[in-house]
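Engineer: Chains as they are written, first to last, in the working numbering: chain A, -17 to 97; chain B, 154 to 269.
Calculated directly from the structure, the hints in this document are not laboratory data. Any given hint could be a false lead.
[What the hints assert, rightly or not] Pairwise CB distance ranges (calculated):
hint, chain 1, residue 1, chain 2, residue 2, range
1, A, Q(-4), B, S233, 44 to 54 angstroms
2, B, L209, A, G64, 25 to 35 angstroms
3, B, T225, A, T95, 31 to 41 angstroms
4, B, L209, A, Q(-4), 49 to 59 angstroms
5, B, Q198, A, F55, 39 to 49 angstroms
6, B, A167, A, S54, 27 to 37 angstroms
7, B, K222, A, I(-13), 20 to 30 angstroms
8, A, I(-13), B, K256, 20 to 30 angstroms
Ideal Cβ placement from N, Cα and C applies to all residues, glycine included.
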Amino acid sequence: DAMVIQNPRYQVTQFGKPVTLSCSQTLNHNVMYWYQQKSSQAPKLLFHYYDKDFNNEADTPDNFQSRRPNTSFCFLDIRSPGLGDAAMYLCATSRSRGSSYNEQFFGPGTRLTVL
Amino acid sequence: AQSVAQPEDQVNVAEGNPLTVKCTYSVSGNPYLFWYVQYPNRGLQFLLKYITGDNLVKGSYGFEAEFNKSQTSFHLKKPSALVSDSALYFCAVRPLLSTGGFKTIFGAGTRLFVKA
């Protein structure tokens, strides 16, 4: 089945130790998103890729970076995790062209713990 | 400012009874409207969307939503609730004339609890 896959599902890191979360999709969608979600709150968009074009949200800290080497994969890098970065990180995809906009397909999320 | 409001943190309903989860929005232009559901420790799942056309939209798992332009609302409904419907529900809006690319504005979420 076509889907959005996130690895690992659970990630534990130490304060200040860089960590990378990965996302892959078999849907061949052109838009990929990274969200941060804390304690069942609304997901907060960090950034998204429209094809190869990277779009950063104005309030996303510089500590968060992303890479999209090809259509299928997207990575979230947290350069120096702080305790406040502990959260669920959700990857999502959508198929969107021009002014059309379709629903997003979400992965199961990676729960990040910072010790 | 553009926003989405889900006025109820939690909705409690008995199994078999109808349920409504409320959503109102404040965005410029005519938006795309969505409902997503999230089960514990899972990502969000798409339920339904309104783009244009009939104000009553039918979606997955027997859910439907009614778009009301004058009241800027998009309430989620189901005629007969199931215990398995218990989850966190998010209303989301994508402003049609947004200059912010593909940003979707999510509501704060409403936890639905269906009692057997």
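Engineer: Could you tell me whether the CB distance from Q198 of chain B to F55 of chain A stays inside 39 to 49 angstroms?
Structural biologist: 22 angstroms, violated
Engineer: Mind checking the hinted window 25 to 35 angstroms against the Cβ distance between L209 of chain B and G64 of chain A?
Structural biologist: Given a distance of about 46 angstroms, which is not inside 25 to 35 angstroms, the answer is violated.
Engineer: Should the hint that A167 of chain B and S54 of chain A are 27 to 37 angstroms apart at their CB atoms be regarded as holding?
Structural biologist: With Cβ atoms ~45 angstroms apart, the hint is violated.
Engineer: Take a look at whether the Cβ-Cβ distance between K222 of chain B and I(-13) of chain A falls inside 20 to 30 angstroms.
Structural biologist: Because 38 angstroms falls outside the window, the suggested range is violated.
Engineer: Quick check: does the Cβ-Cβ distance between L209 of chain B and Q(-4) of chain A fall within 49 to 59 angstroms?
Structural biologist: 52 angstroms, holds
Engineer: The hint says 20 to 30 angstroms between I(-13) of chain A and K256 of chain B; measuring C-beta to C-beta, is that right?
Structural biologist: 24 angstroms, holds
Engineer: In this structure, is the beta-carbon distance linking T225 of chain B and T95 of chain A contained in 31 to 41 angstroms?
Structural biologist: 39 angstroms, holds
Engineer: Given the hint of 44 to 54 angstroms, is the C-beta distance from Q(-4) of chain A to S233 of chain B inside that range or not?
Structural biologist: 49 angstroms, holds
In this structure, the earlier hints numbered 2, 5, 6 and 7 are contradicted, and the remaining ones agree with it.
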